[in-house]
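Q: Chain by chain, the residues run as shown.
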Amino acid sequence: MDAIATSAHAHRGSPAAIERRRQRMLAALGVPALALLAVLFAYPVLRLMALSMEGGSLTWYAKALGESFYLEVFWITVRIAVIVTLATLVLSYPIAYFLATATHLGAALGFALVVLPLWTSILVRTYAWMVLLGRNGVVNKSLMAVGIIDEPLALLHNELGVVIGMVHVLMPYMVLPVYAAMRRVDPDLLQAAEGLGAGALRIFYRVFLPLSAQGIYAGCTLVFVLSVGFFITPALLGGGRVIMIAVLIEQQVREVLNWSFASALATVLLVGTIAIYGLAQRAIGERADGAT
Amino acid sequence: MSTPAASSRNLRARLRRLALGLVCAPIFVFLMLPLVVVFPLSLSSAPYLQFPPPGLSWRWYQSYFGDPVWIDATVRSLVIGATTTLASLAVGMPLAFSLVRGRYWGRKLLDRLAIAPLIVPTIIISVAIYGLFAKLKLIGAWYGIALAHTILALPFVIIILGASLRGLDENLEQAALGLGASRWQAILRVTLPEIRPSIVTAAVLAFITSFDELVVAMFLAGPQMTLPKKMFDNIRMEIDPTIAAVSVLQILIITAALLIAQRFGRGATPMDINGA
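Just so you know, the protein sequences line up as chains A and B, in that order.
Under numbering that gives the first Met the number 0, the first residue of the first sequence carries the number 0, and numbering increases by one thereafter.
Under numbering that gives the first Met the number 0, the first residue of the second sequence carries the number 0, and numbering increases by one thereafter.
A couple of the hints might just be wrong.
[Said to hold, decoys possible] Which bits of chain B does chain A cover? Going by a derived footprint, with three or more residues having C-beta under 8 angstroms, they are:
| hint | region |
| --- | --- |
| 1 | 80-93 |
| 2 | 127-139 |
[To be verified] Quick list of simulated restraints, FRET-style, between CB atoms:
| hint | chain 1 | residue 1 | chain 2 | residue 2 | range |
| --- | --- | --- | --- | --- | --- |
| 3 | B | Leu10 | A | Asn157 | 27 to 35 angstroms |
| 4 | A | Asp187 | B | Gly177 | 36 to 44 angstroms |
| 5 | B | Trp183 | A | Leu70 | 56 to 64 angstroms |
These aren't lab readings, by the way, just hints derived from the structure by calculation.
For each residue, glycine too, the CB sits at the ideal point set by N, CA and C.
Next comes chain A alone, as it looks inside the complex (with noise of 0.2 angstroms):
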């Protein structure tokens, strides 16, 4: 950029000049996307988040973190999320280290079947778990003629059923950051631990894990974080009696029409979120720098 200043130089005074000018333009430019995200976005969220003290009292946060019934729907949110999250860990480190060590054709394969539901409509991949989780579902169905079980399990509607539906949602969150890790670990780091003799399964846990690390604490953080405010995936799967936090919210403001206590949900949830987000962050940045 400096180059444009200096042949500018001649013609439209000093160059810091002409840098302020060209910065204030970029500020400008800046200018449409802030207004609407301040109209859009921040007001309103600003303005939910003060109904729930409306009157200036806490007894909307008194309810929601004192009654039994709403501190059951947080810990469940979060029993789930962490469930979910460690459930997406699992199956999505193995896929990853595949899609790391993959030949050309291999990897391309197994990206397109890992991106592929990452693009498919989540209401259609969750009809499609109703269909393979119900009673008289697919899984069910194939368990039974096979003769692993006489009766058909309960997959559907509660807990477990959530939890599958989520994982699928999300494994894609989680595989993409940890391939990217693995990818950037050195392979000459591997070759000089086996060269100094160390076995496979040294090598893995004291140098591979360790190097990709940094994958997994940012896709546990971003399955996590998503997990928490998850709304579609419970509201269908869990057939009504799963609440998470986003379910609750959604009846208090369209069916029970209370608003002042969906404000303290959900500003419940956001400073949690956010928290989360930014301890989360912090702490990878840390290792970050001590890795460097």
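Knowing the structure of chain A, use the given hints to seat chain B on it.
A: For chain B alone, coordinates are given in the frame of chain A:
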């Protein structure tokens, strides 16, 4: 000629590879199962969910195309998706330039604000905008949904275009300036063509973000239907295989959008999101 030690190492490596494949195969099946299952289901002749289907028929496709509510919802979703795409590019492209090249005060904050809709749960954004729009009497207006979707699509546009602009060789633009082009000419004739693949990728992602979006639409659409809203209601109320036919059609539409991106963009993979 390989030594025995080398060949045994080779064998072990192969066995490990095989074990990895055995672990991964069922996980890949898990990923694909829901996508695969809707195809035969959409061609079922039974009026209820039955798998495998007792016979084949096109009746669920006919029931989709014959129902004005479905078609109306689809058209509305396409219009909202197209509007969202245009709006998020119109606002997002200048913003991406501004964020990547600007060094002004508040730039970091603006960056955070633009990315925030990705992290803030959609239910919160939906309820918040619902409260505002109810006051402004905008519930049921299709452009209200498109505006709200633009907020959701903006982070993708910023991340993808931002990554592309950062990777761009600014010398090209300077060369154009040195050859006598004005700054706007340089941007229009040199920079924009250079980042075109990313613009296509961003556009496709913005479109899908909107076309697939349920929660915002559920709150803002009022009595109107969008495709995801109609699908959600159908799944909740009565499960007949029309929804499977719609699912297949939606998979085909999204695949078409991706193929367009492949053709005109440089590989619209989510890695672009991830790389930033």
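Q: A separate judgement is required for each hint: does it hold in the structure or not?
A: So, going through the hints one by one against the coordinates:
| no. | hint | in the structure |
| --- | --- | --- |
| 1 | 80-93 | holds (count 4) |
| 2 | 127-139 | holds (count 5) |
| 3 | B:Leu10 with A:Asn157: 27 to 35 angstroms | violated, 46 angstroms |
| 4 | A:Asp187 with B:Gly177: 36 to 44 angstroms | holds, 42 angstroms |
| 5 | B:Trp183 with A:Leu70: 56 to 64 angstroms | holds, 58 angstroms |
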